[in-house]
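Trainee: Single-letter residue listing:
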Amino acid sequence: MKADTVGTITPAVLVQLRPGEKILAEHEIMLHMDGPVKIARKTMKQLGVSRAHLMGMQSRGDNEESYFFAEFEGPGNVTFSRDRAGEVRVLDLAPNQVVRLRSGHLICFDETVRYYPMVLAQWVIQRGNERENHYLFVDRLTGPGTIVFQSVGNVLSFTLNPNEAIRTSTEGLLLASPTNGVQVNWMQAGGAFGGGFAQPVLDVRGPGAIMVHSGV
Amino acid sequence: MEIKVQGEFVPVALVQLAAGEEIYCEAGLMVYSDPSIRFAVRAMTQGGIGQIIRRTMVGGMPFFMHVYQGPGYAAFSRFSPGEVRSLELQPGQTIDIAEHSLLIATRTVQYSTFYVQGTGRIGRMIGFWMDRLTGPGTIVYHGHGNILGFDLKAGEAMDVDHGAVLRKDATVTLRAFNQPLGGGLTGHALSFEALHVEGPGRIELQTIDPSSLRAATEGGASASSAPAQPPQSLAGALTKGAVGGLLGRLGGG
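Those sequence lines, one after another, are chains A and B.
Heads up, the first sequence is in my numbering, so the first residue is 1 and it goes up one at a time.
Heads up, the second sequence is in my numbering, so the first residue is 1 and it goes up one at a time.
Next up, chain A with everything else stripped away, as it sits in the complex (with noise of 0.2 Å):
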């Protein structure tokens, strides 16, 4: 596929599609199609994903995980629009490159990719007796092809050695290689009001390459 960016702060994707080429996305992205593309319905047992890993994805919260994705296939043109201010990124996936992005980011991708979302990291919080349980869901996407996704605001890239290490927000990790170790950690505060705060953060350590955006 060959995908372009239209807009600027709040941007569509425009892809256009050879005769035969199918790429999958989520249908309420879809902004509009010629006439010629056609669309059908590719479920997630289609792409490899069973239904007792979804239920359990979905028994944790991830309201964003559906269970089958539009497959658009060319000749043709359709945009996609995630509705928000960030940048686009186009990425190509080498044979068996792997990333992991954050869940409710990816825009489209080529059917080519394997598709399967997972839980990165979790927390608990605890909030006197209730017991408040958070997940980083994630895509994970392996090559050859082509993926589009969206940031929440602008797209910060680190290159990260390895046993290099970063600290991001929980909202702020966007996209992270394989080879990144991810933690969560409290960062706890000191001083004399400390002691009762401490705030859950991702520990990311290297090798890899990572992104972090500045929305949320």
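Simulated from the structure, these hints should not be mistaken for lab results.
Where hints are given, some of them may not hold.
To be verified - In silico contact screen, one side only, chain A against chain B (beta carbon under 7 Å); selected entries:
#1 G7
#2 A85
#3 N154
#4 G215
Glycine included, every Cβ here is placed at the ideal spot set by N, Cα and C.
Following the hints, complete the assembly by docking chain B onto the known chain A.
Mentor: Positioned in the frame of chain A, the structure of chain B alone reads:
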């Protein structure tokens, strides 16, 4: 301390702190940081218990500020489209900044609050709070949308929407007034609140009213996507937002 702005339309302020340098900010603004940076919490107790209650429970201002101590780096964002500016305050120089617009301030900057009286009409604006900051030191702030600056001479005046005020010198006065929309009873019934601004001093306006952004976010955000943060204010901790929410609605006009 070194400050660098990253990103374009949702910028972050990247702050490089040397050993012993310290900055403070509201909770929940950190985007990424050096894992080795030290983190603490400081209570804002200026003005005694009466002022604290008024400021936090009525005004919704934060009671606790987060403190980051060098060496190391940390990046902060207001997570919305806008511009980030930094300002070097001279000793004794005082400025007022719209609430929830300050990104960070160095340890030497004194933090207080400033109340802009509303017209007090039923169902209309009851006033609002601004952060009052006194130098010496450096501050970094976020303007929602674009920032428009005006240098007013003594007695020079302009009228602005209260959501547009981003920062002003302490010498610039703000007075809420009721602007009728045409003549007669209908004009008064359709009137709206505005602020009369008078110099001398500098005022900066922002082109997006942050309350409209908050309304959009609160309307669209799901519980699962909300960032998990400790309570930001005494009001939040004590009343779980009930009083603040009620007064916020009254104050929103």
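Trainee: Decide, hint by hint, whether the structure agrees.
Mentor: Status of each hint after checking the structure:
Against a cut-off of 7 Å between C-beta atoms, the interface hint on G7(A) is violated, since the closest Cβ of chain B lies about 12 Å away. Annotation: interface hint on A85(A) holds; nearest CB of chain B at approximately 5 Å, less than 7 Å. The criterion of a C-beta within 7 Å of any C-beta in chain B is met by N154(A), whose closest approach is roughly 3 Å, and the hint holds. Below 7 Å, beta-carbon pairs count as interface contacts, and G215(A) has one with chain B at about 4 Å; its hint therefore holds.
Checked against the numbered hints given earlier, this structure breaks only hint 1.
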